[in-house]
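For reference, the chains in residue letters:
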Amino acid sequence: MTTGFWRASLLIATTQLGLLARSRRAWAAACLLLLPAIIAWLVAAANAKVTPSGLSTMLGWYALLGVSVPLASLLLGVAVVAEEVEDRTITYLLLRPIPRAALFVGRLAPAVLWLCACSAVGTALLVAAAATARGSDAGVSDGVRLPLLLAACAGVATYTTLHAALGVWVKHAMIVGLAYSFTIEGFLSNLPGRNQLLTIQYHLRSLVAGTGDDAWQRIDGFGATEWNPLFDSGLVLALVVACASAAGAWRLARRQFELPA
Amino acid sequence: MNPGTEAAPANRAEMHGGAWRPWSGERRPSRLRAAPIVRAGLRIALRKKLPLVLLFLPPVVATIIFSFVVYTVAALAQGMAPAGLGGAGGAMGQAMGGAGGAGDIVKQLVRVREMIVGFHLSTDFFSVLLMAWFGAGLLADDRKSGAHLLYFARPLTRFDYLLGKFCIVAAFGVLGSILPGLVIISVAVAASPDWSFLQQEGSVVWKTLLFGGAWTLVVSSLVLAVSSLSTRKSYALAGVFAWFMFSGATALLLSRLLKDRDWLALSPVQCGVRIAEDLFDMRLGVRDWNTPLAWTAWGLVVALSWTIIWWRTRRLEVV
Amino acid sequence: MTHASPAPVVRAKDLARFYGDVVGVCDLTVDIPPGTVGLLGPTGAGKSTFLKLLAGELKPSRGSIEVLGAPPFANPAVHSRLGFCPQQDALWDDMTALEFVEFLLRLSGFEPARARKAALVALERVQLVDAKDRRLGGFSKGMRQRARIAQSIAHEPQLVVLDEPLTGLDPLARHATLELFRQLAAEGASVLFSTHVLHEVEALTTNVVLLHRGRLLARGEVPAIRALLDRHPRRYSIQAREPRRLARELVELEGVEAVRIAEGGMLVVETRQPERLLEALPAIASAARAGIGAFESRDEGLEAVFDYLMGGST
Chain Y
1 MTTGFWRASL LIATTQLGLL ARSRRAWAAA CLLLLPAIIA WLVAAANAKV TPSGLSTMLG
61 WYALLGVSVP LASLLLGVAV VAEEVEDRTI TYLLLRPIPR AALFVGRLAP AVLWLCACSA
121 VGTALLVAAA ATARGSDAGV SDGVRLPLLL AACAGVATYT TLHAALGVWV KHAMIVGLAY
181 SFTIEGFLSN LPGRNQLLTI QYHLRSLVAG TGDDAWQRID GFGATEWNPL FDSGLVLALV
241 VACASAAGAW RLARRQFELP A
Chain S
1001 MNPGTEAAPA NRAEMHGGAW RPWSGERRPS RLRAAPIVRA GLRIALRKKL PLVLLFLPPV
1061 VATIIFSFVV YTVAALAQGM APAGLGGAGG AMGQAMGGAG GAGDIVKQLV RVREMIVGFH
1121 LSTDFFSVLL MAWFGAGLLA DDRKSGAHLL YFARPLTRFD YLLGKFCIVA AFGVLGSILP
1181 GLVIISVAVA ASPDWSFLQQ EGSVVWKTLL FGGAWTLVVS SLVLAVSSLS TRKSYALAGV
1241 FAWFMFSGAT ALLLSRLLKD RDWLALSPVQ CGVRIAEDLF DMRLGVRDWN TPLAWTAWGL
1301 VVALSWTIIW WRTRRLEVV
Chain V
2001 MTHASPAPVV RAKDLARFYG DVVGVCDLTV DIPPGTVGLL GPTGAGKSTF LKLLAGELKP
2061 SRGSIEVLGA PPFANPAVHS RLGFCPQQDA LWDDMTALEF VEFLLRLSGF EPARARKAAL
2121 VALERVQLVD AKDRRLGGFS KGMRQRARIA QSIAHEPQLV VLDEPLTGLD PLARHATLEL
2181 FRQLAAEGAS VLFSTHVLHE VEALTTNVVL LHRGRLLARG EVPAIRALLD RHPRRYSIQA
2241 REPRRLAREL VELEGVEAVR IAEGGMLVVE TRQPERLLEA LPAIASAARA GIGAFESRDE
2301 GLEAVFDYLM GGST
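Those sequence lines, one after another, are chains Y, S and V. Residue numbers 1 to 261, in the working numbering, belong to the letters of the first sequence in order. Residue numbers 1001 to 1319, in the working numbering, belong to the letters of the second sequence in order. Residue numbers 2001 to 2314, in the working numbering, belong to the letters of the third sequence in order.
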């Protein structure tokens, strides 16, 4: 008696979702995504000059997209497979009559879902907190709200899939992921020139630029940067997700794990 | 008469006090009870060669480059062509503002000091990497493997345990932050005429020690605090970097949003820049926020870190 | 009329598995028949590596292995008929015992109602049904071991592979677990379990596979292996105040083949008639005023058995 790919994926995903809700790691990731909202609320309450759109764009751009999204995704993405290996519980899953790729998909999907939900809540709270700022401007428009939501969700999906695949391929995924987040996403994405194209951060920003309004112009270098068209960046992100999923599933189907007793 | 043996029937068990002798020596506990922890911790850390090479390579390369630059500047200030530059010394000397006069030498010595400060600030990142890598697992791994039970089963106080762990992280901070600075200062002293660098800029030595020591204390405390909150080294490592990233981004953002540079005090790295500016009496561009606030912020980080560490290790003792 | 021997459940040919420079198993060629088989060997013999290869957790570095007629690595067809209880004490601590077994049964293709029923039966068999709704994280070491055994037998596999299944169990639970293995065998399942304790195997089966330093040392019935051992003289160590005087007396004793004084003044006696030695020793020691301080057999440990089989000496 064997279990098919989709059925196994669904079974693992539903169980994993339940476990996620009880996991400290998932809540830590959620807190990371809520942090910009908390900062926005504190700043809005403490300072009378800061404006709603200024607060939401600056915190959304630098804190949410630049720091919270990559870090929260790293925290949960790496856990998709590497945590089971570290906990040595992967044996139970690998020795069941299921396609191994289902294990990857089944554990990745709840992580992405969870992070998407948290980023949606985080974005909504950030915008709500920024809206309470007392500085006078046009307020937080849909041209700020929706691009931020879109980029945050696309960001967690892409980063999480990438880090999940990394967790299957390399032994110290968290460390490699941290190095990647720092050097490529943190450093390269802020260098001028076309090197930015190599980073996910650039494509997320392109999503914002493609759907956002003039409120984003207050970000340093926003107007001077040549952003990718919306469709192109969306396509690049979708391709990264597809390739990382395929690479992770393919590797998991072939990889053996040497677990200590 | 011993009451225990007086009425003992023949078939009852006896105590063989002669065979079991209570220990009657004098117990002389070492004052350096943390030393074995430090020794063992360093030995374990130094066992894996690849991380050592990868993490020490950047500071070593930076030290060599800065040493060479400092030597070149000092040599040019005396109108000499430094070895390795061939006959380019004269031209280079002119390009760097001429050479030979006493005023020029003083100017060049100030430049050397600036270079040393620049070196400190540019290698801070690598010292954080070193301390985070070798310190992140110190408390987290003990917690995970239950090794703390072995520690606390010995005549070891919580203070000894934490001191030992702190010294391990701090050792890497010293190696990554203070020692390279001292090497460059030594090069500057040796290369300056009649050790004039020591006479003119001698205070750089203690300032380097103070700045490096304070930076090591802040980062080590932070690393240990995050480690005490985690159950795995990788979590702790992520936590340390998350903290640095978040505090840096938030500090920059708030200082820009609210147009108040005091917000930079939220970031230990920015505090470091400010403190270095003040300590070495230099102008790096961020002078308009107050130094006491930067010192206070560092102090708060240390105090908060040790409160967390103390609280978490108290819990370790009762596990 | 000829009796065809049943097809082996495990067939390894020139099987080798290396961890870098370290040998896990090497040149292992063995057929394991259906029934209950004990896999014996001292720590580091390669038992766990062999079982992991057999369960499909690891791939062979060289050679091949077939389980129930097919290579086990990433093979759902084999895994649906195989139950594996790993040695590592790793469980999903946030799950309850029932959730744990039920989830793995669902992955094995069981429908929800059937999975629930089978999970309860398995937990009943390992005497965990009373703790079925408790979190695994709160279980004792023995309970965790039983939960692992439960998941390995719940789907009624044709072959149950257990890596050190009796570790961490108290004597009562150990007895119950051995009884469970007997029942499984009676129900027609093949049980292959590893241990380094000889008498645990003897309590359950006479069919053993002995591994040593990653190689096959012996395979077959325990009496046959015992017979191999009996060809060697038994050795005893005696610590005496006057070892030379005692040696002089012992060398005259019937069956004693050699007497020598080892390091530290320990007397080592080799005899083909151990009963005779044990019977006569008190009188001899008393007559010689040898003052015996300690006496021990050097052949009781499994390591000594392996040394004999390897032709070495300790």
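The reader is advised that the hints may include incorrect statements.
Listed next, the in silico EDC-like pairs over lysine to aspartate or glutamate satisfying Cα-Cα at most 20 angstroms (straight line) [said to hold, decoys possible]:
1. LYS1049(S) with ASP2021(V)
2. LYS49(Y) with GLU1114(S)
3. LYS1144(S) with ASP214(Y)
4. LYS49(Y) with ASP1262(S)
Since the hints were made in silico from the structure, they are not lab data.
Tested hints:
1. LYS1049(S) with ASP2021(V): 18 angstroms, holds
2. LYS49(Y) with GLU1114(S): 38 angstroms, violated
3. LYS1144(S) with ASP214(Y): 51 angstroms, violated
4. LYS49(Y) with ASP1262(S): The hint holds at about 16 angstroms.
The structure is inconsistent with the numbered hints 2 and 3, although it conforms to all the rest.
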